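Engineer: Here the protein sequences line up with chains A and B, keeping their order. Heads up: the first sequence at position 139 corresponds to 139 in this note's numbering, and the numbers run straight through without jumps. Remember, this note's numbering sits 1000 above the position in the second sequence when you count from 1.
Heads up, a few of these hints could be off.
Each computed EDC-like pair below joins lysine to aspartate or glutamate, with the alpha-carbon atoms no more than 16 angstroms apart [as the list claims (entries may be wrong)]:
1) A:K201 to A:E90
2) B:K1160 to A:D134
3) B:K1640 to B:D1165
4) A:K235 to A:E177
5) B:K1158 to B:D1176
6) A:K54 to B:D1138
7) A:K137 to B:D1165
8) A:K54 to A:E29
9) A:K235 to A:D256
10) B:K1270 to B:D1053
11) A:K161 to A:D172
12) B:K1064 to B:E1023
13) B:K1160 to A:D117
14) B:K1064 to B:D1019
15) B:K1131 to B:D1176
16) A:K140 to B:D1165
17) A:K140 to A:E111
18) B:K1222 to B:E1087
19) A:K339 to A:D145
20) A:K161 to A:D175
21) B:K1314 to B:D1342
22) B:K1222 to B:D1313
23) A:K137 to B:E1034
24) A:K137 to B:D1091
25) A:K140 to B:D1159
26) B:K1640 to B:D1138
27) A:K140 to B:E1242
Hint data in this document are derived by calculation from the structure and do not stem from the laboratory. What you are looking at is a predicted structure, and each value in this text was computed from that prediction instead of being measured.
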Amino acid sequence: MGESLAVNATAAKIRTLFGKMLTADNYREMLSKHSVAEVAEYLSETPLFSAAFKDVDPNTVHRGFLEALLNKSNFDLYLRLCRFQGLDKETFYSFLIQKRECEQLLNLVNELNSGLDRFVETLPGYVIRHSDLDLLKLSKAESYDDLLAMMKGSPYLKPLKSVRRTEDGGVDYTDCELKIRTFYYNRLIGQVRKKFSGKTKDELEKLIYSEIDVINIINAYRLKAYFGYTPAQIKATQLPFTRIGRRAMDRYYEADTPEDMIQRLKETVYGQKLSSDIGYIETEMNLSIYRLMRHTVACSASVPAVLYAFTRLCSIEVENIIHIIEGVRYGVEPSMLEKLLVV
Amino acid sequence: MAIEKMELVTVVALIDELDTVLEKCCESGCFQMEPAVTSVTSSAEGRGIRLLDGKNPYDAPLKKLAAVAASLNITPKQSDTSGCTLESAEDFENFCDRLETEIADESENRRRAMQTISERRGAVIQLNHLKGLNEEFDRIFSCKHVAVRVGKLPLDSKDKLEFYDEQFFFVPFDSDRSFCWGMYFCPVESKEIVDEIFSSMYFERIMIPDFVTGSVSEAFEKLENEIKENTAAVERAEADLEKFAKENEKDIQAAYTLLKKKCDIFELRKKAAAIKDKVYVKGFIPAKEHGRFEKLFEDTRSASVMFMPPDTDKSCTPPTILKNSWLTRPFAMLVEMYGLPDYGGFNPTTFVALTYTLMFGIMFGDLGQGFLVFLLGLFVGKKMNKAMGGIMSRVGISSMIFGTLYGSVFGFEDLLDPVYENLGIDFLPIKAFRDTNFILLTAVGIGIALIVISMLINIAIGFKEHDYERAVFGNNGIAGLIFYGSVAAGVICTMMLDIKIMSAPFIILLIVIPAICIFCRVPFAAAVKYKELRLSEDEGEKMTVGGFIVENFFEMFEYVLSYVSNTMSFLRVGGFVLSHAGMMLVVMTLSSGAAALAQPLVLILGNAFVMVMEGMIVAIQIIRLEFYEIFSRFYQGDGKPFEPVKLEFSQEQ
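For reference, chain A alone in the conformation it holds in the complex (with noise of 0.2 angstroms):
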């Protein structure tokens, strides 16, 4: 009680940060620009990002670096907020660290699966500083098996060791993927149980699961509308966790159609609020997530899950201004950009 009293000025501090975050209608003035340079000098006039754009020339800046510069920007803040009352001493506060680092090991074995030489140019320098791997050295890694090697002794090992080969002596890099992420997570929800309990424990177990569910959602309508896979090719491939129990989500993987997928969808909590003409997935499910992280940020008294909830959200808002960059950049009409907003 005593501890949690003690780390309310975060929650306060978040509350005023959520404050500031893009709003719908910054979102159509982005829209409404004709270039990329006028894009960032609009970011440069926001309040949660013009620190970050405070040394950049926005009539130069490359594209890529701008995307680059928000998700820093959002590491950074996530750090400042993690050290405002010392709460990165905990394990759990590392969750945003521990995330980077499965995105950049599956980037380095994607990139050793397709040959290229190009992980370090993509490696984002923020995560070489706080991560707990040398990337830098892994990246140095010419095979599968070199990189085994060089994770000796690191957490990662054993879900890397575990993951299919291929013939050629590469991975199965959906399996790669699945066991990461699986790694994560059940890392993730063992800290929250071992650090937590009551009312905090709950809400970081809903928000945790709720995004678990969102993710194994998405992948399960892809891959019956896309690719035509069977409710037993589907089941393989999702994540081990769920939140609204194990039974919707097999009625759901067991659809036989996309469109029957949908109406059980909305049998579920996930799919209460969709319209009856969706546009894309993707957007419907980020924003049953995006709700409930701004409810939690909005009314929660639990500073692990409103910094949680806030992180996510961060992260919606720098994935909605990168499609409104690329949509600018390749002259996409702002009506179809809009529908791709979570917001």
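Let chain A serve as the given structure and place chain B on it in line with the hints.
Structural biologist: Showing chain B alone in chain A's frame:
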């Protein structure tokens, strides 16, 4: 005091006289234009009605002329147009083109010199980051087998460089919070690959312009000289332009004034409508301007003006002009702040003026300070804001009157005691800390009286509008008035006067029955209005008995709560009497504790502080009481302000 009577006016004229008609309307200064037709429907189109919403031909030349004026440093201002012979949009276009041609050379020289200055200054900024380079640019860039790129690399990417096996090396010169400035060298053969690597790490190349030669220090010197030379060129060009501007300013100002007027008048066409060769312009004027307005159109060729009662056309709402006496006029500002009354509605300015002045006097009663507020009001009214000054001078007088009753002059609470003693008035002055209960109870009494008056006004308005729910059964109607008045009388008689009036018939007749009326106001009003019993005003809405009870239970609860809270809210009137006396007591204590020479200073500063701070708080608190406790009982404030068309000269274009 009431609301100014309006008249609906329709002007019909031949289409070629439209601009003259619109000009006259603007000239009148009292014509509020309304759209002649709200939208052209297919049936209206069938009758030949069309809107005149074409493109404004004067818009483009106006912008062009404004740009020319800006480039000549001429600020457009309204001037005499009698000498200007320009007529059509084409004439103005030609005028602008002629001006542009005449200043083209000088403008181009200035633009080119300014661009060069800007480029050189940009290069200076870039070179600042290359101060660590001790080699001549020419020598570096003339290498045959080595490719060189100068630029900035994100700091995040710098650490990654050592993990590449390609043949290149990066020389850093300078770094800031986000970037490292430097140059990389690589063999010409592997230039493409290395460029791609750096590009993927978001290396931003800086093109060192051809004009930057020699070493860094030599380049700096050269750049500075060029900036100086071009600055001189800009000055020469500007002097020539200034000369041209002086010679032509009169013509430009006249053309701009005329063009702006034509452009604005054309904009007004959008509200007019045309049938065949005739145009219709519709709007409202104050009835007292009838004669003057009619006279304006006497010398026109085809215009005829028709006057009608303001409610003739249901598609447009008449605007409201408040009609007040000189005494209450400044307080119209407060009413407008809340919202104007409907045309034909109740003008509450007099009521606000009386209550505001009364409450300010009670809450800020001090003869000396009130006098200063009065003087300040005269000054503000003359030099700054007439309405604000008017309010200040009136409340200042009220403050003086109550200050006399309290015997308070600049915080000296005993100064007037001898006067009252000599006059033999023993119940005065009223001392805040002696008569605390009297002050607080009087404040509540004033609150009750004001709430009752508000209810009476609401009842009168309700009857006038034939709204029986509002007038009879509502919480601010007759039922509400009886309920509130009886409870208030019951409490006062029982607790303060020791008169037992709360008998069973009293409670049943004056409290329970009115409460039932308020509870069932919707069905009762429907019974009177439609001769049938309905649970909802809206016929289509299906309201169940359960739903009706639940909804009205909570509403009733809210009404009762608002009666109590609104009445108690007036305690602040008494509270501020005490607060004012308390604050002045602090000032007096501080003054008596200070050195003899400092005492006047403490007194002056203390009085000034109390006047500013408390004066403002009291002013705001009374506005709050007016808007929440009083206006909410009878006033809607959704009237339309009177905004006559006029040709305003602004430089925004």
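Engineer: Next, verify each hint and record whether it holds.
Structural biologist: Verification of the hints:
no. : hint               : verdict
1   : A:K201 to A:E90    : holds (15 angstroms)
2   : B:K1160 to A:D134  : holds (12 angstroms)
3   : B:K1640 to B:D1165 : violated (76 angstroms)
4   : A:K235 to A:E177   : holds (15 angstroms)
5   : B:K1158 to B:D1176 : holds (13 angstroms)
6   : A:K54 to B:D1138   : violated (33 angstroms)
7   : A:K137 to B:D1165  : holds (14 angstroms)
8   : A:K54 to A:E29     : violated (21 angstroms)
9   : A:K235 to A:D256   : holds (14 angstroms)
10  : B:K1270 to B:D1053 : holds (5 angstroms)
11  : A:K161 to A:D172   : holds (12 angstroms)
12  : B:K1064 to B:E1023 : violated (24 angstroms)
13  : B:K1160 to A:D117  : holds (13 angstroms)
14  : B:K1064 to B:D1019 : violated (23 angstroms)
15  : B:K1131 to B:D1176 : holds (14 angstroms)
16  : A:K140 to B:D1165  : holds (11 angstroms)
17  : A:K140 to A:E111   : holds (12 angstroms)
18  : B:K1222 to B:E1087 : violated (53 angstroms)
19  : A:K339 to A:D145   : violated (43 angstroms)
20  : A:K161 to A:D175   : holds (11 angstroms)
21  : B:K1314 to B:D1342 : holds (14 angstroms)
22  : B:K1222 to B:D1313 : violated (76 angstroms)
23  : A:K137 to B:E1034  : violated (76 angstroms)
24  : A:K137 to B:D1091  : violated (75 angstroms)
25  : A:K140 to B:D1159  : holds (15 angstroms)
26  : B:K1640 to B:D1138 : violated (73 angstroms)
27  : A:K140 to B:E1242  : violated (68 angstroms)
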